[in-house]
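Work out the full structure, taking the sequences as your base and the hints as a guide.
Just so you know, UniProt numbering puts the end of the sequence shown at 257, numbered straight through with nothing missing.
Worth flagging that the hints you see were computed from the coordinates, not collected in a lab. All values derive from a computational prediction rather than experimental measurement. Errors might be hidden in some of the hints.
Pairs of lysine-lysine, DSBU-like flavour, derived with a Cα cap of 30 Å [to be verified]:
id, residue 1, residue 2
1, 224, 31
2, 257, 224
3, 224, 51
4, 31, 195
5, 112, 150
6, 122, 57
7, 31, 176
8, 243, 224
9, 243, 30
10, 257, 243
11, 150, 195
12, 122, 112
13, 30, 176
14, 31, 122
15, 243, 176
16, 31, 257
17, 195, 224
18, 30, 257
19, 51, 117
20, 122, 257
21, 30, 117
22, 122, 195
Quick list of simulated restraints, FRET-style, between CB atoms [unchecked claim]:
id, residue 1, residue 2, range
23, 210, 125, 20 to 28 Å
24, 51, 199, 36 to 44 Å
25, 184, 30, 17 to 25 Å
26, 226, 198, 23 to 31 Å
For glycine and all other residues, C-beta sits at the position ideal for the given N, C-alpha and C.
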Amino acid sequence: MRRVIFNQKGGVGKSTITCNLAAISAVEGKKTLVIDLDVQGNSTQYLLGNKVADSDKTIAHFFKDSLGLGLFGGGKEGLDGLIHETPFPNLFVLPSHSDLEGLQSRLESRHKIYKLKEALEKLEGFEQIYIDTPPILNFYSLSALIAAEKCLIPFDCDTFAREALYTLMRAIAEVKADHNDRLEVEGVIVNQYQKQANLPRQLVEDLIAEGLPVLETKISTSVKVRESHSDAQPLIHYAPTHKLTEEYRALHLEIHK
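Structure representation (structure tokens):
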């Protein structure tokens, strides 16, 4: 199963959600891959910590090869040689790289938008694939939406985020119609939720009333998130019995049931 975690709004927790869901899949015995398409590389840092990724083994080098700019085999031989083990059993990452930023215009002009999908269809051995995306609908996020089967949308209980959500749903519908008829919105993940506050509760109720596919499990705000980032350990490893970890377990169960 290939899932993309996407929202055009920044700061909604895409990388945190990506890595924590992937880590739970791995703990449950499924060989799991995280693909980091965001030039900021937050998922890469979360899973690899201070370990510097081999500069010849990143998602940027896959795209370079598709342009004929590299000799690393990504464009012709697939993604296998670019994937890194993490310190966590069954969990692997295809790292981001700063070169992504400079490649985008050439990838667009050369119509390489289907390359990721083609490569993932040839990739064997992974039961779960989670794709982290930049907070903008650009070449990389569009590549991810074309390659994925399911889309998860983080929502951070902000009034502006609500308006952006409708724009996002329309964009996903267009991708589905034009490029990927298998793509389905699996659900809206309510993140950074404060159940005692009136505004978040009202916003969520409004989304449900308007027919948006809001998932039942909500992810609370907690300092444990930043702590786990700093320690480069997903919550299932950093704080396995914490309330927030249990919420992520419940979310994982909800989308896999």
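The hints, checked one at a time:
no.: 1; hint: 224 x 31; result: holds, 26 Å
no.: 2; hint: 257 x 224; result: holds, 27 Å
no.: 3; hint: 224 x 51; result: holds, 22 Å
no.: 4; hint: 31 x 195; result: violated, 34 Å
no.: 5; hint: 112 x 150; result: holds, 21 Å
no.: 6; hint: 122 x 57; result: holds, 18 Å
no.: 7; hint: 31 x 176; result: holds, 27 Å
no.: 8; hint: 243 x 224; result: holds, 10 Å
no.: 9; hint: 243 x 30; result: holds, 23 Å
no.: 10; hint: 257 x 243; result: holds, 21 Å
no.: 11; hint: 150 x 195; result: holds, 27 Å
no.: 12; hint: 122 x 112; result: holds, 16 Å
no.: 13; hint: 30 x 176; result: holds, 28 Å
no.: 14; hint: 31 x 122; result: holds, 16 Å
no.: 15; hint: 243 x 176; result: violated, 36 Å
no.: 16; hint: 31 x 257; result: holds, 18 Å
no.: 17; hint: 195 x 224; result: holds, 18 Å
no.: 18; hint: 30 x 257; result: holds, 15 Å
no.: 19; hint: 51 x 117; result: holds, 28 Å
no.: 20; hint: 122 x 257; result: holds, 26 Å
no.: 21; hint: 30 x 117; result: holds, 21 Å
no.: 22; hint: 122 x 195; result: violated, 44 Å
no.: 23; hint: 210 x 125: 20 to 28 Å; result: violated, 40 Å
no.: 24; hint: 51 x 199: 36 to 44 Å; result: holds, 40 Å
no.: 25; hint: 184 x 30: 17 to 25 Å; result: holds, 20 Å
no.: 26; hint: 226 x 198: 23 to 31 Å; result: holds, 25 Å
Going through the hint list in order, the structure does not satisfy hints 4, 15, 22 and 23.
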